[in-house]
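Visitor: Each chain, letter by letter, is given below.
Protein chains: 2
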Amino acid sequence: MSQTQIPVAVLNQLKSAVSAGDVIEQAEQVEPFVHDFRHLFSGRTPMVVLPDNTAEVANVVRICAEHRIGIVPHGGNTSYCGGATPDASGSQIVLALKRMHRIRKVQPLDYAITVESGCALADVQAAADAVERLFPLSLGSEGSCQIGGNLSTNAGGTAVLRYGMMRDLVLGLEVVLADGRVLDVLKDLRKDNTGYDLRHLFIGSEGTLGIITAACLKLFPKPAGTATAIVAVRDPAAAVQLLASLRTSSGDAVTTFELIPRLAVDLTTRHISGVSDPLDRPHEWYVLVELTSARPEDALESALEGALAQAIDSGLVLDAALASSLRQREALWRMRESVPEAQRHAGGSIKHDVSLPISAIAEFITRAGGWVASHVPDGQLMAYGHLGDGNLHFNIQQRDGADVKVFLARAPTIQRAIHDLVAELRGSFSAEHGIGQLKIAELERYKDPVALALMRELKRALDPLGILNPGKVLRKESRTS
Amino acid sequence: MSQTQIPVAVLNQLKSAVSAGDVIEQAEQVEPFVHDFRHLFSGRTPMVVLPDNTAEVANVVRICAEHRIGIVPHGGNTSYCGGATPDASGSQIVLALKRMHRIRKVQPLDYAITVESGCALADVQAAADAVERLFPLSLGSEGSCQIGGNLSTNAGGTAVLRYGMMRDLVLGLEVVLADGRVLDVLKDLRKDNTGYDLRHLFIGSEGTLGIITAACLKLFPKPAGTATAIVAVRDPAAAVQLLASLRTSSGDAVTTFELIPRLAVDLTTRHISGVSDPLDRPHEWYVLVELTSARPEDALESALEGALAQAIDSGLVLDAALASSLRQREALWRMRESVPEAQRHAGGSIKHDVSLPISAIAEFITRAGGWVASHVPDGQLMAYGHLGDGNLHFNIQQRDGADVKVFLARAPTIQRAIHDLVAELRGSFSAEHGIGQLKIAELERYKDPVALALMRELKRALDPLGILNPGKVLRKESRTS
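Chains as they are written, first to last, in our numbering: chain A, 493 to 973; chain B, 493 to 973.
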């Protein structure tokens, strides 16, 4: 394989397509663009191109279409599935959007904001906050991930129960198509029934159907009041029932509903300083519940207290404590958020990003937990996470003293068994992390075959030359044209 | 033109594709299926086919694909744009979904319901209500329109500000594709990032890309408390400001925010019995505001009172009255809902179903109103409707004594001028009624040309033979294959 399969003349053409010849070619500067941040994948590229505006993106795409060069769009490089990493051939360029970080328009009256793809998520949150609005998408990586990546992976995070996925937060889009045409559906309208909805083709398609360059996003009233509680529940089925009744009794103010098993309390109290057992006695299952409202005088605490008292009477809830200060609230969140760190201290972990119909979660935990107990003697179940939107981090934690290499070597077999059960219960093997290059085989195994075929037909229709993020989501096809 | 262009042998094949040979062929029984309910369009068909289940829909589509016969999907026949009416050739069959009216699954824990396309909207609302849940889509025609039509036109209605359009209420879909394959993405998951989102291709595409046979829909907590007020505002700009501040101060509990001009009060008090002037003195502009909450003890009235008092202090609001009884609330709603009826009593009306960015509404009313005042001396402006989601019924009402024929004859010229201004302000010429066969020329004039080209490419990819609702949304193309 040659150092690069892209002729120098074409690279020069690309260089002149962006203002100030803004490209990166030196090996050590290219380095950060050819690895994913989990270090699962690594590739090569002769050039990272950094356009400054939509017209330059279109120029780059036109040149690549002419010469059939693969383009790997690149945002904050926080993909969990290698979605932004070029392949090893050296025949693909990386298109980094980070120069396009303008906030084009802040629209408090419209409860909307128009931003370019290269904006960091945290900058969009801050711009909304500055006009007393909320942009609700919230992720661990929000300081570095970019809006373009959030859009192209349909990001989830911690506020989905209340505000939906990234897809649900989009009013309009600007997209560069595979032949360099610019699609302008960048409207800020709540109602618009003028033909096919083209936005959702590009949201969540991981840069394989078009390159999103800007978006108009929904904003919301800023929360002013909060009520937080840690709740010991009888079992996961009781947690599901509590969620259903709390959505009604709180007036749909539930923003957080996170399942926490005893093992998570054990590991965080052991490994994370400042975390202590949250209730007087230990329990098997907990839920971290938070209600929020934009009305500061809203009686959220009494609503939550009343609902929990009723749930104690009916046996769903065994014990509960409301956070009575900001300090107490932060301590509860610290316990929840430090679960991954505590897991790392405790050894290896086999992870799954699954979602299920909420009514199937209890059955799933029982059956999958039973399977783990009988098939993985050196592991123990750590099922926790966003119960409120059906998304579980169904992790299997290495037991003390187990051999981590032996344990982790079984990951593919274990994941297959867990995903098979998820499929049986009509769940999803990838709730929020997408496909990238990591989960293509899973997609081929579990996706409805007609849906998979239709995806391929769409790819051929929108990117007939196969130059947009080749080999992500779908395998590369040999093209006859 | 022959009576039918479909050979008898093929009609017999279609008849045997549905159980009990469930087809309609007799002219007088076919009649209701070949006219739209506004009587704008009328067509012909040799046969209405009534499948009982998804497999039968697939059978019918396969036969039509084999013989290249156009299929017109038909729900409750409440389209405003002739979307469900066959053309005059007699070469298209009508596929009526009304036999497929099963509620497959009611899922209160999941806040979801799975229904077939032929269900009446009101039946879905009732099934949700029976388990203490709300299905929020609400339309004038809810007793007769069907879920399949709501999905394929992305229906709007009176609750969009709070709950979104039909599109926003969908978790999963089952769709028969143009070659008879059945696409199964009928999941009830809140999070699922496994490949392209195929649902939104079919929602709002008016049966031209596939035939939706079933859907899993979101449910919500049932509202238990309500606060309603009629508010006289300084002008439309003040109404927009009031909306923005009320969304925050109410904790995003605003469900209704309807703009009502003086003319609407005049016409309803004159023509509709039981409607009286709602405030002590007449005002130019009113808003009907309603907050709802699922928490019965929620202090909605005091929140609304407080917000309105503040808005009076700042000069946005001139006067306001809260409905203090169910009777008062119903009287306010009666005024709002009888505007179309009062307009009919008052003579001809030239109508527009437009939407705008909310921040552009005041400018639009000023400029479009000025244009009407100087160009349409025999008409007067009646701009009212769902200000909360940017959707105005921008109607021009014939003045007393004007010649209705002369007045209405100018409709195309007037609509063109109004739509041109809507386009200049980046609004939409069809907020909730879609395209059908009525607005194809408008679509061609106003749609982003790249978006329109992409729509055609999608149509060719998903329906290469052009058999699905031919001539709706997009013009028929001559196919070479």
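The set of hints was computed from the structure by calculation and includes no laboratory data. Just so it is clear, the structure is predicted and the values come from calculations on it, not from any experiment. A hint or two may mislead.
Because identical chains share one entry, a pair is satisfied inside a single copy or across any pair of copies.
Stated by the list, open to error - Restricting the straight-line Cα-Cα distance to at most 20 Å, the calculated cross-link-like pairs of lysine to aspartate or glutamate (EDC-like) are:
{"hint": "1", "residue 1": "Lys-843", "residue 2": "Asp-892"}
{"hint": "2", "residue 1": "Lys-710", "residue 2": "Asp-660"}
{"hint": "3", "residue 1": "Lys-897", "residue 2": "Glu-789"}
{"hint": "4", "residue 1": "Lys-897", "residue 2": "Asp-811"}
{"hint": "5", "residue 1": "Lys-897", "residue 2": "Asp-621"}
{"hint": "6", "residue 1": "Lys-843", "residue 2": "Asp-870"}
{"hint": "7", "residue 1": "Lys-597", "residue 2": "Glu-916"}
{"hint": "8", "residue 1": "Lys-939", "residue 2": "Asp-676"}
{"hint": "9", "residue 1": "Lys-714", "residue 2": "Asp-758"}
{"hint": "10", "residue 1": "Lys-710", "residue 2": "Glu-634"}
{"hint": "11", "residue 1": "Lys-939", "residue 2": "Glu-969"}
{"hint": "12", "residue 1": "Lys-843", "residue 2": "Asp-676"}
{"hint": "13", "residue 1": "Lys-939", "residue 2": "Asp-689"}
{"hint": "14", "residue 1": "Lys-939", "residue 2": "Glu-634"}
Visitor: Run through the hints listed earlier and report the numbers of any the structure violates, in increasing order.
Guide: The structure conflicts with hints 3, 4, 5, 9, 12 and 14, although it agrees with all the remaining ones.
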